[in-house]
Amino acid sequence: MESKFTVACKDGVASIELCGRMDASNSPALQEELKKLSAQKVSHLVFYAKDLEYISSAGLRVIIFAKQKIGVDSQVYLIAAQEAVLGVIKMSGLDNFVHIQDSFTA
Amino acid sequence: MSRITVAAKIDSLPLLLAFVKKEAAGAGFDEKTSNQVQLAFEEAVVNVINYAYPAAEGSIDVEASEGAEGLTIVISDTGIPFDPLSMPEPNINAPLEERRIGGLGVYMFRRIMDKVAYKREGGRNILTLIKNK
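Chains as they are written, first to last, in my numbering: chain P, 2 to 107; chain S, 1063 to 1195.
Just so you know, the hints here were simulated from the structure itself, not pulled from any lab data. Any given hint could be a false lead.
[Claimed, not checked] Once the Cα atoms are required to be at most 20 Å apart in a straight line, the calculated PhoX-like pairs of lysine-lysine come out as:
id: 1; chain 1: S; residue 1: K1181; chain 2: S; residue 2: K1094
id: 2; chain 1: P; residue 1: K51; chain 2: S; residue 2: K1094
id: 3; chain 1: P; residue 1: K91; chain 2: S; residue 2: K1094
id: 4; chain 1: P; residue 1: K70; chain 2: P; residue 2: K51
id: 5; chain 1: S; residue 1: K1084; chain 2: S; residue 2: K1094
id: 6; chain 1: P; residue 1: K70; chain 2: P; residue 2: K36
[Unchecked claim] Distance windows between CB atoms, simulated:
id: 7; chain 1: P; residue 1: G13; chain 2: S; residue 2: Y1113; range: 35 to 45 Å
id: 8; chain 1: P; residue 1: E3; chain 2: S; residue 2: K1071; range: 17 to 27 Å
id: 9; chain 1: P; residue 1: G13; chain 2: S; residue 2: P1157; range: 30 to 40 Å
All values derive from a computational prediction rather than experimental measurement. Using N, Cα and C, we set each Cβ at its ideal position, and we do this for glycine too.
Here chain S stands alone, though its shape is the one from the complex:
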């Protein structure tokens, strides 16, 4: 298992994406799948960066592990309770001029990953993303 802890700010994103890219390569994913995993991860972690700590600075923990199931990425934070999976799906058939900003990222990581799960435990938001091999 590999682990990284960073400040929950947008400047941390390149470091986080490099971490996930390395883990995806280690899991044996091709470039296309690695790109998809990075995309799904970005969508999930940006939610934490944007919403978890509205009143203070905080951190994000990311763990990645490779197993028989595939690559498992666990994103956790001690911010306010937030279940991204409870967000309504965006209307992807709406024309551009009627598109609402928001919801698209969650929709995308749910589409890309094979399994996603959220739980609130020990004062932490814990989001698990799994991509099968």
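Chain P extracted, bound-state conformation:
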């Protein structure tokens, strides 16, 4: 599956669609894309991960970056993540600070 990320923001909800693999070779590009949101008021950071097959710490850094630099007061959501991705999220302890849901509910 081709790795592809798309970012959209409407009414304070940033929707980030993740597809394929999030590793150290492609995560910085998503981080650059997310920087464009820093001028906006973001209340919810929603990462849609149904089609995300792999995430490394480089991908986790993007989630941490988004929270720290774009929406420090925002809520972070991870939607429909596969088991492999959830395992990494849990290993890093991020599951205690991210809303893990099957579908986005604010």
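We have chain P; now place chain S onto it with these hints.
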């Protein structure tokens, strides 16, 4: 034993991950374990890519071998001495807004692999990762 040598740059990562994925399949690991091995390997090798050669270009050698113990992956470079295992563990209980970038990758490959070892020998950093069957 299989071996690959690549330039120590981030563009080499997909090639390295494909190499390890093939070796993990050859060792008989299921997809879940193969993914974990790829993840651990990425965390280890990205450290080399990012830090081993601050002033010049360099290369990374990766050897993989299957044995009774499992799959052994040896990553070596001629960069500056760096023992990733000496890095302090990150606080994984810290909330996102207080998280520090760094240390998480080493923490993850130590968690995933059954054995990790570092040595500096002959001017090389040599990091060994073993995943048992």
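Here is what the structure says about each hint:
1. K1181/S with K1094/S: Not OK: K1181/S and K1094/S at ~29 Å, beyond 20 Å, violated.
2. K51/P with K1094/S: holds (17 Å)
3. K91/P with K1094/S: With a Cα-Cα distance of about 15 Å, the restraint between K91/P and K1094/S holds, given a limit of 20 Å.
4. K70/P with K51/P: Cα-Cα ~25 Å, so violated.
5. K1084/S with K1094/S: holds (14 Å)
6. K70/P with K36/P: Distance ~8 Å between K70/P and K36/P Cα, so the pair holds.
7. G13/P with Y1113/S: 35 to 45 Å: 38 Å Cβ-Cβ, so the 35 to 45 Å window holds.
8. E3/P with K1071/S: 17 to 27 Å: holds (22 Å)
9. G13/P with P1157/S: 30 to 40 Å: violated (21 Å)
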